[in-house]
Structures are given as C-alpha cells and as structure tokens.
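Protein sequences appear in the order of chains A and B.
Position in the first sequence (first residue = 1) + 47 = the numbering used here.
Position in the second sequence (first residue = 1) + 61 = the numbering used here.
Here are some chain B residues pointing at chain A (derived, C-beta under 8 Å): (1) R116; (2) D146; (3) W174; (4) P176; (5) G178; (6) S179.
EDC-like, lysine to aspartate or glutamate: derived pairs with alpha carbons at most 20 Å apart: (7) B:K153 / A:D310; (8) B:K186 / A:E299; (9) B:K317 / B:E260; (10) B:K214 / B:E243; (11) B:K153 / A:E317; (12) B:K80 / B:E135; (13) B:K186 / B:E156; (14) B:K80 / B:E193; (15) B:K153 / B:E193; (16) B:K80 / B:E194; (17) B:K153 / A:D314; (18) A:K121 / A:D89.
Since the hints were derived computationally from the structure, they do not count as laboratory data.
The beta-carbon is built from N, C-alpha and C at its ideal position, and this holds for glycine as well.
Take a look at the letters that make up each chain.
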Amino acid sequence: MATTMTLNPVQRRVQRVAEQMDAAGADVLLATSPSAIAYLADLNIRSFTAPGTVLVLGPGGNTTLLASEADQPKIAASGYRGLTDFWSLGQDAEERRESVLRMHLSGLPSSARVAAERGALREGAIAAEPILDAAMRIKDDDEIRRLRAAADLADIGYTAVVDRMTPELRVYEIVRNVDRSLRRAGGGEFWSPLEDAAGVTRAGYYPAGSIATLLGRHEETGVLDPSQPLPFALYPLSENYTGAAGTTIVFETPGPLLRSLADALSDATETALAAIRPGIRADEVFAIHRQALQGTVSPDRLDPIIGYSLGTGLGRPLLSATSEEVLEPGMALSVRTAITREQGPGIAFQTTVLVTETGNERLNIVPLRLIELH
Amino acid sequence: MTPALSTATPTVTLTAGAKMPLIGFGTHPLRGQEATDAILQALDLGYRSVDTATRYQNQDAVGAALRQTSIPREELFITTKLPPDAVGFERKTLEQSLEALGTDYVDLWLMHWPPGGSPGAGSWKEFIRAREEGLVRAIGVSNYQLRLLDALKRETGEYPEVAQLQWSPVYYSERYLTACRERGIVVGAHSPLRSARLEDPVLTEIARAHDATPTQVIIRWDVQHGVAVVPKSAHRERMLSNLDVMRFTLTEDEMKAIDGLSELE
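Chain A extracted, bound-state conformation (with noise of 0.2 Å):
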C-alpha cells in the first residue's frame, strides 16, 4: 500500500533539488553558499565564525552538515536536524577540512557523481550551481510567506533610515537606527550582497560611494557627505529568506542634471517593473528599461543586469541583455536599477517583485525615487 508523507518546508526544497540532480546525473550535492546551505538546511551560516562550511546533500535526501568546530555552538543553537562532523580549529584548519570532506566521499560508490558548488569544487564534479538555480527557481507558499515577511522588514529598515536621517549621522549611528528597527520588529540578521562563496561578507560598494555598505557593516570612516546622492540598499533576512530594497536620498535640491538622470531612471524602472509578467522573456524587460532611458544618459552608465533571482540570498542573474529566460508565476525578483556618475556616488533604486499569475506584485513599499530630505 503507498503511503502519503507530509513533508516540510525543508524537505520540500530538498525534494526539489534533488529531482534536479536526478536530471543532471548528479548523487550527491556539495553546497557551500550561504544561500545553498540557507535553503537546504534552514541555517544562516553567513554570521559563522570560520570560513568552508560544506552541506553534503546525499542520496535519499540525507544531508550533513561539515563545519569548523567553531562554529559548532551556532549549529547547535540553529535547530538543524540533520548529522554534523566538525573539522578542529588551529593553523592547518583547511587541510582538516579537506580531509573530513575526503572522508566524507571516500564512503561512495566509485560510479557516484558529485556536485558541487564553487567553494568545493574537485576534479570530474558537476557545477551544483544550475541544479540549484533550477530548484530554487519557483517559489513555493512557504518561501513566498518568508519573502514577504522579508519585504516587510526591508520597509522597515528603509524607514528606520530614512525618518531618522540627518546629514551629521555616522555611519554606526544609521546601522544601530536600522539594526534596533529590525529587531524590534522581530529581524535582526541581515547581509551584504557582495560575499563569496564561503559566506564572508567583504566590503564593497554599490554603485560606489553608496551608503549601503554601511549595512554591510565593513569599515569606513562612517562620514557621510551630504551634497552627494546617498544610495543605499538594505538586504534583512527572515527565517533565511531576503529581503533587497534601496534607494537614494539627497539632502539638497538636487540640480538639473541629477534631477533629470534620477526621473529618467525612476520612470524606466517603472516601465520595466509593469513589463513583468509571466510570458514576458527577461531580455524583453531588459529591453524595455534600455529603451525607456534612450538618449538620457550613456549605456555605460548603466548596470548591465537589473535584475536577480531572489530567495535564500541573490541568485542568479535575471533582467539583463542575454537572459532568454520566460518569467512565470512564483519567481521572485530582485530589480536593482543603477547609473553610476563619473564623480561620486550614482543613483539606485531597488525592489522585490512576485512574478503572479495576471502580472507582478511588488512586495516593498519603498519609492523608487529621488528621496529629498531637505
């Protein structure tokens, strides 16, 4: 007699990737991004203290978790269910890790085919990283529900900088505004987009000069310059999924040029967020956002892409010159329009969107416009 099993949200998106590693050939999956580990095993690595954590999803479904033993209190705390092995801390931590990885392998048959991510790649293995993007592709009730939830502190920390905003603020100071808003809130984890494979958070700059790195918490002199656009962009998580929503502020009237080039890219980001809908091909949107801002401002000013896949972190490229991809119902975007300026900081605006049934439904409240504070 077959029987029916309820399975949970996790063991869904297990399922989901592990019918794709059916189709790619694939037995066993090394997962080593934050946002592979976030949405296999429900586990935010990304505040981990040592670098190479390695979700090994096995056949059946099984996984186990390989991590420093530093971090071992953190997977303890996680709610995690499935099996750990831990490589010990000191100088040669990277060969231990290697080691417990080897060890981990060695017990497969020799026909087995490994996938694995960037931050675990080895000799003959399939890239993880198409597996994954196709898994991770629709979104499911569950993971709309963190998304939105996700939407919603993203709102709140676009407020929390926003309304209390001031031109003598310190970077720290506007960090510790938003921090307070999202916990208070129920948040408290958020992210810098810009991170590598094995979840360290570097610095960057987005577009340069913005003040979104200050949400990223890397070292500045945390001095703002309030005659200059202010963008900024806040990634916060809820229960692993992110939320991805910025703008920028200017503290002064803004002139002519910045005006016109923030109203230009403004209304193209609106043509291009009606555009989406399921049917439409990524490069159409793509398209579209081009033409609307044709004769306004030079193609090199602008970001190539506009668009990524949203879920456990920022996945894949999506709106940008080459993506055939078809848009559908349940996918869920990331659109970040951007022209950079020769000199200082540039002009963004950020949203999340849920590709639906009739068309698209924006998940943020933020404007995406000039926001004057003045």
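Once you have looked at the hints, place chain B on chain A.
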C-alpha cells in the same frame, strides 16, 4: 456605547480653532481588519480621537472604521502624518490619505519627522496651504526639536499647532513643555507607555493611592500637563482603562514626583 467617558475626555483648543481631545487612540502598528476592529471598539468605548500616519500603512483600515461607525464625522478627531520621504509630494500624499480615510478633511496633519533633520520649510508651506484650503483643520509636527520649531516660524511665519514627540516620564522635558506653551504649541505624546518604566516605585505608589494602574497614572499626568496622549491597545479592557483617568486627580507633589523620573539631562 459609553458616551459618559467620551464627554469626560478633556479637549484643548488649537491655534486655528480645532478642538483636540487630550486622549486619543494610537493605531500603530495595527493593520487591516485588526486595526478596524480595534478602532471601532475604541470609538464604542468613548474615544473620539484616532491617530494614524501614512507610514503606518493602516489608513485604509481607519477609513473602514470611519465608514462603519455611527458617530458623526464632526465628532471625531483624525490625525495623520506626512512621511519625510514625501518632500515635494505633500499634496499628493495628503490626497492619498484623504482617499484612504474616506474623508474630506483631517483634523490634524503632522510632519512625521523633520526631513533629513531640517525644518522642512518647503513642506510646511504646503501644510499651511492645505489648512487654508480646509483640507486639514490643524497642522503640526512630530519628532521636532525646539530649534526646528523656531526655524519653521522664522522661515514661514507660522508655528506648528501641535508638536508630537516620544514622551513619557522617562522622556519628560520641562524645558520643551514650557517653550511650547510660550509658543502656543500643544505637546503631543507618542509611545507614552512603551518608553515608560511602569514598575517604577514612584508610579506604583501613586497608582495605589488612587486605586489606578501606573499606565492610568501616566495618562492622567499627561492630561494634567495639557499634553495630548495617544496610547495604543488592541485589548478592550486596556482601551477602557486608558480612557478612564478622569475619576482621579494627581496632586502637585505627585506631578512633581513623576516629572522627576525624567532621564533627560
């Protein structure tokens, strides 16, 4: 309905003539049906002042309550607020508020935060214009320092009628209160209970002496200072309790003792 409580709620007359109840119902962070239900319940218990804001994303829920209540619009006092990111979009934002609230006017329109820490004189001129056109009956600000109030007067010739800020015994400022009185500005208290230390012995002892709760003591303390207060609760008993503060009076010594809980310099 309990009109006895409603009629007992004191009011203050603002500069341009609007009468504002000193106790109102705060709606943040309620949204949707929960907000509508809570507001209807509050109105039923005798509240006549409802405090919302564009930022709260609940003006539609307030509007739903206004449509459902049998209380005439002119007996109600509706406050909403302009977010600081609406500089240059003041009229449009007000129109969106009016549409969501389902009303032709709001009784009090506040600038929610000083935009970028500036007085926001450009926006304030739009506020004055909206009052002149009858779209709002009174205008004010929220989270403004004294120097910003004076800057508004200097740049536009008009003081706000109300200055709302985070206000509780912990955040009490005699200087701010006195300065506002001198300028004809009514102080409004937001987050009056969240920032208070309800277990403070000064409050609990005074509460015991009046057979009241520390929360009621704080609200009564606000009222006796002439401060308009907007406590929020989604619970009927607490809503009623927050409104039922006119049955006792704090003595001068008790007022001073509560003032002394301030942790501001």
